[in-house]
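Once you have looked at the hints, place chain V on chain W.
Chains W and V, in that order, give the protein sequences. Taken in order, the first sequence gives residues 4 to 325; the numbers are from the numbering used here. Taken in order, the second sequence gives residues 3 to 502; the numbers are from the numbering used here.
Keep in mind that the hints were calculated from the coordinates and are not lab data. The reader is advised that the hints may include incorrect statements.
Said to hold, decoys possible - Chain W is faced by these chain V residues, among others (derived, beta-carbon under 8 Å):
id: 1; residue: 58
id: 2; residue: 59
id: 3; residue: 140
id: 4; residue: 144
id: 5; residue: 145
id: 6; residue: 329
id: 7; residue: 332
id: 8; residue: 340
id: 9; residue: 410
id: 10; residue: 412
id: 11; residue: 449
These numbers were taken from a predicted model, which means no experiment stands behind them. Glycine residues also receive a C-beta, built at the ideal position from the N, C-alpha and C atoms.
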Amino acid sequence: MIGKRQLLASAAGLLLAAAVAGTAAAQTFPAGPIKIIVPRAPGGGSDNITRMLAPALEKKLGTPIIIENRPDATAVLGAELVAKSKPDGYTLYLSDNSFYQNPAVLDSLPYDTVKDFTAVTMLAQGPVLLIVHPSVPAKTLGELIQLAKKSKLTFAHGGIGASTHLVGIMLNLKAGIEVTHVPFKSSGPALNALLGNHVTMQFGGINSSKPLVEQGKVRAIAVTGDRRDPSMPEVPTFQESGVTGADVMSVWGLHAPAGTPIAVRRTIRDAVEAVMRDPEMTAKLAERGYHVLANTPEEHQAQTAAIVTQWLEVGRKVNLKE
Amino acid sequence: MDIFGNLAIGFGEALSLTNLAFCLIGVLVGTLVGVLPGLGPLATVAMLLPITFTMAPVTALIMLAGIYYGAQYGGSTTAILVNLPGEASSVVTCLDGHQMARRGRAGAALAVAAVGSFVAGTFATVLIVAVAEPMTELALRFGPAEYFSLMLFGLIGAVVLASGSVVNALAMIVVGLLLGMVGIDVNSGAQRYTFGIPNLAEGISFVTIALGLFGIGEIIHNLERGTDRSLVTSRLGSLWPTRDEMRRSARPILRGTAIGSVLGVLPGGGAVLSAFAAYTVEKKIAADPSRFGQGAIEGVAGPEAANNAGAQTSFIPMLTLGIPSNALMALMIGALVMHGIQPGPQVLVSQPALFWGLIASMWIGNLMLLVINLPLIGMWVALLRVPYRLLYTAILVFSAIGVYSINNSVFDVFLTAGFGLLGYFFIKVGAEPAPLLLGFVLGPMMEENLRRAMRISGGDPMMLVERPISLGLLVASAVLLVLVLLPKLRRVRSEAFREA
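Chain W on its own, in the form it takes in the complex (with noise of 0.2 Å):
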């Protein structure tokens, strides 16, 4: 049988334990494994960029990173659940475009975007190329436009409310254009309709279409972005091509929930910055569409604001629903 004292003892232990644990933390996170929030399935950009930098961090860290997948539709899910978590930096949330525009696509949320979370770094960003069926005529943005002006012309995408989805509506928004969406529930499907005459044009990202533009399969028109992309130097910007503000990017970034603190941030940060840094991490990234840019918690958070608010200002003027 168990003493009295002995337990007394033993329950003080644990305490002090419990708190030497505690400082010990503060001073040096991360003191146990980290979890990711992914909000979509194995295999999507998400998850890939998370499962290329999860190893190297792991290593960068000294802990081990965990992935948990929450995949829906609109990401809504895994960043409810982040946005309940202890803020202490051990869950944290892969955030992509969805995260960003859905205050301004979704009736409701269970969170409130900017209020709930706290940046900790916009990892990378990637362009969305505009790629037609090389048996359309046109050869540049200006005549695919007065195209879609004389004929009814179709465009895939990978989902409602998705930045491939958006580039198209900015598109017929600034280009004063009607050109049909037609939705699938990735990317890829969307690219294989396109390569079977289908659809007209498909807003996709540069990794999957590059190897099929440089068959001959489809014709690149034109990319998101203030400058061309390094891995399709001969593929003009839509600006160049005389249409602005029709640049959607696709970004992901990391949160973390409201009240983490700023110097546990800063530590994955620097970490993430670091891996993702590293020449080999970088040009593997870059050819996947990732372009990395890894800026500070402060930096983020004054983005993820303005995100936010542009897609609420587009959603005044079109209906980003349908």
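For chain V alone, coordinates are given in the frame of chain W:
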């Protein structure tokens, strides 16, 4: 193209000691996750992906592919022994495979499934080598209109699946269609039948519904009958197929291989449809269709061959175009890119050792699976001697873990339990759940593609009949419908066959 030269490169690569070892590991892991209900190859591959970063690209791909087709083998084992379909394609195996097990022919069913899969795997390998390019072209011809007609054909075929009345089957298909509507609509982004529950936004997962309706429902039913004994007590029968069983399986295996090889190339619905299509064909051309659902070996041989052939030919669009036909192929592409190889038309030219090595390894892997699985049949069948009170608790525990692991969602576990009750109800009223599952899988794809086709044509339904492939499928659907709706004709026909 020098096929033999290419194959020589491929086998040279695949037969290296490292690659052989990882091929073996892959198929073993695959078999294991296939046998465990609910636990699928997708989660396994995702978890193992980081490990493969340290391997040579061809080794990584060989192992991951091994997990994929190994799981197809393993999945049929659970389907036959305990009536638990781990994925869409093994639903069909449950129908007659489990009935065979109940009649003491579990060993024969497992053996035929393994041999059928091996034969199909061999043919599919040859097919990939010979006609990968033209097959890709065929797949690209399938646009929204063609997919709609294909799904329609599949749904009408679903009626043939049921052994009971046609009205019953139609009702089950409609229930399946409705369940398939749950979640975010791809075409409008609107949520349907989610009742504001975020867990339903992505729709109901197939595994949830299949495990509930088939597995849990049957467990409740067995417990009610007071089966505190093994599933198959009286006689286990010979482990090996009789000469008659062998003879009757030969043709279905070949037909299943052909069907699976073609349909497997189509992204999305292809692999699912192949097993259903093979079953439908076997039942339609059988001299005595009433044997189906009672443990007809043709109903195991055809679909098993078809799903394995389909699993393998689904690599074609991934390898030749860099386009994933399902989430698992997307992971494979992710693995390739991590190794600095961008999948696409140029892989065949720039990485011949990788391309042909992978293909050769598939055949070797299939051979390994056959060698591993045939001796294991005795062990699997012995599992049926385990007292039912132990067996069903184990099944429930593994099902719960499997369902949870798909989305890390407790909600899904409760949903499975709910479908279990529904499955029990269906058994009680004598309604077969297989058509429901086909409606559930094909219905949303049919709707999605119809609306997509209408968007493209600007609302003109003529698009469906103007395109030759679509028209052909619609005509085939009409013919099938006539055959189904004229039971008298069918009876006369089958009697004529029997006398002949």
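Checked hints:
Interface hint at residue 58(V): violated, since its Cβ lies 16 Å from the closest Cβ of chain W, which is beyond the 8 Å cut-off. At its closest, the beta carbon of residue 59(V) sits 13 Å from a beta carbon of chain W; the interface hint therefore is violated under the 8 Å criterion. Below 8 Å, beta-carbon pairs count as interface contacts, and residue 140(V) has none with chain W, the closest being about 10 Å; its hint is therefore violated. The closest approach between the C-beta of residue 144(V) and any C-beta of chain W is roughly 7 Å, which is under the 8 Å cut-off, so the hint is satisfied.
Taking 8 Å as the C-beta contact cut-off toward chain W, the hint placing residue 145(V) at the interface holds, the least distance being around 3 Å. Nearest Cβ of chain W to the Cβ of residue 329(V): about 5 Å, under the 8 Å cut. The hint holds. Residue-level restraint check for residue 332(V) holds (minimum Cβ-Cβ distance to chain W is 3 Å; threshold 8 Å). With a cut of 8 Å, the hint placing residue 340(V) at the interface with chain W holds, because the nearest CB-to-CB distance is about 6 Å.
The closest approach between the C-beta of residue 410(V) and any C-beta of chain W is roughly 6 Å, which is under the 8 Å cut-off, so the hint is satisfied. For residue 412(V), the interface hint is violated, the least distance from its beta-carbon to any beta-carbon of chain W being 12 Å, above 8 Å. For the restraint placing residue 449(V) at the interface with chain W, the shortest Cβ-Cβ distance is roughly 13 Å, beyond the 8 Å limit, so the hint is violated.
When held up to the earlier numbered hints, the structure conflicts with 1, 2, 3, 10, 11 and fits the remainder.
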